[in-house]
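**Student:** Single-letter residue listing:
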Amino acid sequence: MKKMIRLMTVTLLTLSMLAGCGNAKATGSVSTDGSTSMEKVIGALGEAFQNYTGISFTYNPTGSGSGIKAVQEGRCDIGLSSRDLKAEEKEAGLNGTILAYDGIAIIVNPENPVTDLSVETIAKIYTGEITNWSEIGGNDAEIVLIGREAGSGTRDGFESITDTEELCKYRQELTSTGDVITTVSQNPGAIGYASVASVKDTVKAVTVNGVAPTEETIKDGSYVVQRPFVLVTKSGVELSDEAFKFFTYITSAEACDIISAAGVVPAYSE
Amino acid sequence: MITQQSRKIEQIHQDIRAEHKTHVEWKRRNRTQTIEYMIHGIFLLLGLITVGCVLLITVYLIISGIPAIRQIGLLDFLFGKEWASTASEPKYGILPFILTSVYGTAGAILIGVPVGFMTAVYLSKLASIKVKSVMQSAVSLLAGIPSVVYGLVGMLVLVPGIRKIFNVPDGASLLASIIVLAIMILPSIIKMSITALDAVPKEYEDASLALGATPIETYFKVSVPAAKSGIAAAVVLGVGRAIGEAMAVMMVAGNVPNMPNSLFQSVRFLTTAVSSEMSYSSGLQRQALFSIALVLFMFIMLTNAMLNFFLKREKE
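Protein sequences appear in the order of chains A and B.
The numbers in the first sequence follow the numbering used here, run straight up by one, and end at 270.
The numbers in the second sequence follow the numbering used here, run straight up by one, and end at 316.
Capping the alpha-carbon separation at 20 Å, the derived lysine to aspartate or glutamate pairs in EDC-like fashion look like this:
#1 A:K124 - A:E165
#2 B:K164 - A:D140
#3 B:K91 - A:E165
#4 B:K164 - A:E111
#5 B:K81 - A:E166
#6 A:K169 - B:E89
#7 B:K91 - A:E159
#8 A:K169 - B:E82
Just so you know, the hints here were simulated from the structure itself, not pulled from any lab data.
When you get a sec, could you build the whole thing from the sequences and use the hints?
**Tutor:** Right under this line is the structure:
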């Protein structure tokens, strides 16, 4: 018993030691704060930047709104937002630089004759107003709504673009893009959404308002189920050397491959 | 005179030698004893690693699971029918998850136990040695298949199959997870039941046969009752496996937090509730996930206590 108490004490002490070393902030680092949807792309960029320059990089996934606020209050170097800056935010002296575009493809089973949907129809489908494919020119089959889990960036993006937040009546909530694609490819009545870069031949991406999701249509804005990934900075305040290096690095041509690999369309391709 | 003296000297020498010998022996014994103690200590330490892990996990789960329950309210948490963790007005009711886990496990037991039990009786009593060895290795193989493989096969074969057979819009449902779980618990039920049935003394069966009972009568009226606590332990082991499974059910259940009102509904289990939201969670949502894990932990503790109870009874 005595030994056990001693062991437990040792364990606790070790743990408290570990707990102590989490928050040390290194000098000369770049801090980013904001959109959770940008986790993958900014994480990949940050890692590459760290390997490239040795300057340490932090990312605080708090959401677009908090990221923008954090820049405004000077709590971070660069804010990350997965929506355009609002007019009043721009008036408050914030600058937005688009890093990339996140296109979300609406996918159906290849057997499905439906090839085009409007954003309004998509919203009606996902909120349960339209429940059968025959209502929109398809076969007589119930529409099976496939989505992602709460907290997923793709779900957040899809729901904010189609304006269906908290209204979607999902039949399945899957935890990865791959699972969504597999499930849609298995079920002739299914509809799902997935990041454009990961769509494969096993499913069919429908055109939205007549526009197919390609890199060009996403970039020129004609494919509407998309949102920008914005780097937010404060005008009139100079970036630190490290943050400036990071900013230049991630908007350079070198970073393009990393951005594409993260499943989004880079805004600077040359 | 001289001889007497030399004898005395000889005696003294002998004494010294003897003393030296006992001293060496004493030293050696002392050393072996130290090694003995050290090894004892090492073994104790290794044993304590397990105990320490259990304690650590328990303490950690309780510490991180309590705050959310306190904030949400125990009754609202356990009996709330709605789960919307990321909504603007979040709701944290886990009754759908609890019921799904209970129904799913019960369904898996309902299908898995009869099949597993009959298989065990056949393998233990009726099968020829050849058949027994082949089938037993097949059962072991089933136990070794990773759960993600069960999930994958379920997703690609079972889910579309259910959709076509029952003519429902989508096959990912409570039924699909029950079937996957039933198959997953088969090996533990079969193996444990075989062990219990094999341990029934042959004299019992001989006596029954000598009294004129047929072999089947003997197996079901003598062997099975004699092995019943072992078989009950097998069932509880199955419950434990089914209630704790996450990966396979996540791939076939659909994961929508519905109340499980129908077999063909998309449902979310306690395990999948934790694993599907953990990666993006923060704040109260994350704490609530820990609370779900705590509830799950309680369920598993309960099944373990039941298992111990049955195993103890079998020993007596």
